[in-house]
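Student: Now for the letters of each chain:
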Amino acid sequence: MTTIEGLDVQKVRADFPILTRTVREGRPLVYLDSGATSQRPRQVLDAERAFLEQHNAAVHRGAHQLAEEATDAYESARARIAAFIGAGPGEVVFTKNATEGINLVAYAMSNSSIRTGLGPESERFALGPGDEIVITELEHHANLVPWQELCRRTGATLRWYSITDEGRVDLDSIELTERTKVVAFAHQSNVLGTILPVAELVRRARAVGALVLLDACQSVPHMPVDLGELDVDFAVFSGHKMLGPSGVGVLYGRAELLAAMPPFLTGGSMIELVRMEHTTYSAPPQRFEAGVPMTSQAVGLGAAVEYINDIGIDVIHAHEIALVRQAVDGLAAVPGVRIIGPQDLTDRGGAVAFVVDGVHAHDVGQVLDDRGVAVRVGHHCAWPLHRRFGVAATVRASFHVYNTPDEVAALVEGVQAAREFFGVVS
Amino acid sequence: MYQEIILDHYRTPHGAGLREPFDAESFQINPTCGDEITLRVKLDGDTVSDVSYETLGCSISQASASVLTDLVVGRSIEDSMRVLTAFQEMAQGRGQVEPDEDVLGDGVAFAGVARYPARVKCALLGWMAFKDAVVRTAQTQDAAQTQATRDPEEAQP
Numbered sequence: 001m002t003t004i005e006g007l008d009v010q011k012v013r014a015d016f017p018i019l020t021r022t023v024r025e026g027r028p029l030v031y032l033d034s035g036a037t038s039q040r041p042r043q044v045l046d047a048e049r050a051f052l053e054q055h056n057a058a059v060h061r062g063a064h065q066l067a068e069e070a071t072d073a074y075e076s077a078r079a080r081i082a083a084f085i086g087a088g089p090g091e092v093v094f095t096k097n098a099t100e101g102i103n104l105v106a107y108a109m110s111n112s113s114i115r116t117g118l119g120p121e122s123e124r125f126a127l128g129p130g131d132e133i134v135i136t137e138l139e140h141h142a143n144l145v146p147w148q149e150l151c152r153r154t155g156a157t158l159r160w161y162s163i164t165d166e167g168r169v170d171l172d173s174i175e176l177t178e179r180t181k182v183v184a185f186a187h188q189s190n191v192l193g194t195i196l197p198v199a200e201l202v203r204r205a206r207a208v209g210a211l212v213l214l215d216a217c218q219s220v221p222h223m224p225v226d227l228g229e230l231d232v233d234f235a236v237f238s239g240h241k242m243l244g245p246s247g248v249g250v251l252y253g254r255a256e257l258l259a260a261m262p263p264f265l266t267g268g269s270m271i272e273l274v275r276m277e278h279t280t281y282s283a284p285p286q287r288f289e290a291g292v293p294m295t296s297q298a299v300g301l302g303a304a305v306e307y308i309n310d311i312g313i314d315v316i317h318a319h320e321i322a323l324v325r326q327a328v329d330g331l332a333a334v335p336g337v338r339i340i341g342p343q344d345l346t347d348r349g350g351a352v353a354f355v356v357d358g359v360h361a362h363d364v365g366q367v368l369d370d371r372g373v374a375v376r377v378g379h380h381c382a383w384p385l386h387r388r389f390g391v392a393a394t395v396r397a398s399f400h401v402y403n404t405p406d407e408v409a410a411l412v413e414g415v416q417a418a419r420e421f422f423g424v425v426s
Numbered sequence: 001m002y003q004e005i006i007l008d009h010y011r012t013p014h015g016a017g018l019r020e021p022f023d024a025e026s027f028q029i030n031p032t033c034g035d036e037i038t039l040r041v042k043l044d045g046d047t048v049s050d051v052s053y054e055t056l057g058c059s060i061s062q063a064s065a066s067v068l069t070d071l072v073v074g075r076s077i078e079d080s081m082r083v084l085t086a087f088q089e090m091a092q093g094r095g096q097v098e099p100d101e102d103v104l105g106d107g108v109a110f111a112g113v114a115r116y117p118a119r120v121k122c123a124l125l126g127w128m129a130f131k132d133a134v135v136r137t138a139q140t141q142d143a144a145q146t147q148a149t150r151d152p153e154e155a156q157p
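So the protein sequences, as listed, match chains Y and V. Start counting the first sequence at 1; every next residue gets the next number (this note's numbering). Start counting the second sequence at 1; every next residue gets the next number (this note's numbering).
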């Protein structure tokens, strides 16, 4: 079934109950939408259930036994996730999702920019008119809109690297300046599959003293990522794209930065000393986790990391790259199909977006859906990128460890069927 | 879902293209997929005398706009809104609403779309543009009337 040594895909599939169901009148499900959300193995579901049945309590409050056990489970999950990404436990903040992680940083910077009642340590996060935030044209809306909003609130200017026809970042399109305060970009495009040149972008950001935020939503679930080694300041990713639960994501921040950064959300749990007139805040990561956090979800994400570690993230990556190779080659061979993104697999990961001449992406998706093949259609929350390529919508296939070469073949056959159905076969 | 009638309208859309003159124009987008329609309405008294449009969208949204022109051009505004309501009820009916062919004509072909909630917006995009454009013509007329009634008063010292 697969050519990757050390991976038995059928055995893996047996861990994912949902993959055995049928859709649209008895068709076996071919799930090729893991870039939107991945499916969860029984081990993750069991971990959540076991936590809730045996240890559930509000974490970081109360001294009873359940509270201790719940806190221990929550913090153990944090430590396991931190180790997985090359971070210290104190550098991992649990958020609702990656979007909240980016907003947390943007609002902390916004709060710093108001400059009242904050210590001098927050000055490095302050922005004003003339300052710049730099992103790229391929960003997910989650790594675009929060920065637009931060610019609107502070008077800073948003600039971006443009994207080449091949789907790579055009590093010559803009120059960073001494006024560049933040450089934020995706590790891997959720549409094109392009892996961005992190080291070069970090080097350029460091040269002007800018902070770097990495959107790692499409990289951490699919390939080995060591955030310490990448030397980024912040990074975000979500649990539900890495075989874990929804409702939990991670903001990574370098310890020294989190220690200096003011909070975004305030309230219970994140305090040190509260008086009617004034409050001081706890050390990170608690400073950024106001209120009772998601708990069974964090435990589930810890279990997902354990599941991935048991298989090996490098094995998963090799498997997915083989599927991407098959998908890119198979689709490119279908007349009228144009792949949006690099066909060269150098610095490329597992999202394959394409258009079919004469058939709208929705219609391709519908024909695929009727055959049991679940893909994403539309702009995939990267509307400016689609505009850049002159298309309103694309079809996107994306993979995870449980996908098989047969499923990629079903995708390619389905695309051919869509062309036939809409009569664009010459 | 893809009835032959829908594919016919998709391949040979009726009334496509933007035409002058028109009384009001509406631009609608489907934010989930980025599909767009620009639709113009021309009225002759209370009658819809022309609907012209340009779409960037899937077969469902294009065919739906084509069917719309067949169903509303030549009708009174009141009648066309009745058709619109019937079409919308069918499309949003999750397959539970039995469409009336006497009212909806070729529009009944879209009954199958109701079973695909993600596509309902596609089928309704043109209709929402039509509704919006008709409302705009009324606003334009109201404004013109208000202007006409107000002007003489304002002209007084």
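Be careful, since some hints might not be right.
[As the list claims (entries may be wrong)] Here are the in silico distance ranges between beta carbons for each label pair:
id	chain 1	residue 1	chain 2	residue 2	range
1	Y	Q148	V	Q145	36 to 42 Å
2	Y	N56	V	M81	52 to 58 Å
3	Y	V23	V	Q3	49 to 55 Å
4	V	D70	Y	P384	50 to 56 Å
[Claimed, not checked] Footprint (simulated), chain V over chain Y, 3 or more residues, beta carbon under 8 Å:
id	region
5	378-387
6	415-423
Source of the hints: derived by calculation from the structure; they are not laboratory data. Here a beta-carbon is modelled for each residue, glycine too, at the ideal position from N, C-alpha and C.
Student: Determine for every hint whether it applies to the structure shown.
Tutor: Consistency of the hints with the structure:
1. Q148/Y to Q145/V: 36 to 42 Å: 41 Å, holds
2. N56/Y to M81/V: 52 to 58 Å: Roughly 54 Å apart at Cβ, these two residues keep to the hinted range, so it holds.
3. V23/Y to Q3/V: 49 to 55 Å: 21 Å, violated
4. D70/V to P384/Y: 50 to 56 Å: At roughly 36 Å between Cβ atoms, P384/Y and D70/V fall outside 50 to 56 Å, so the hint is violated.
5. 378-387: Result for this restraint: holds, n = 4.
6. 415-423: holds (count 3)
Violation of the numbered hints given earlier is confined to hints 3, 4; the remaining hints are satisfied by the structure.
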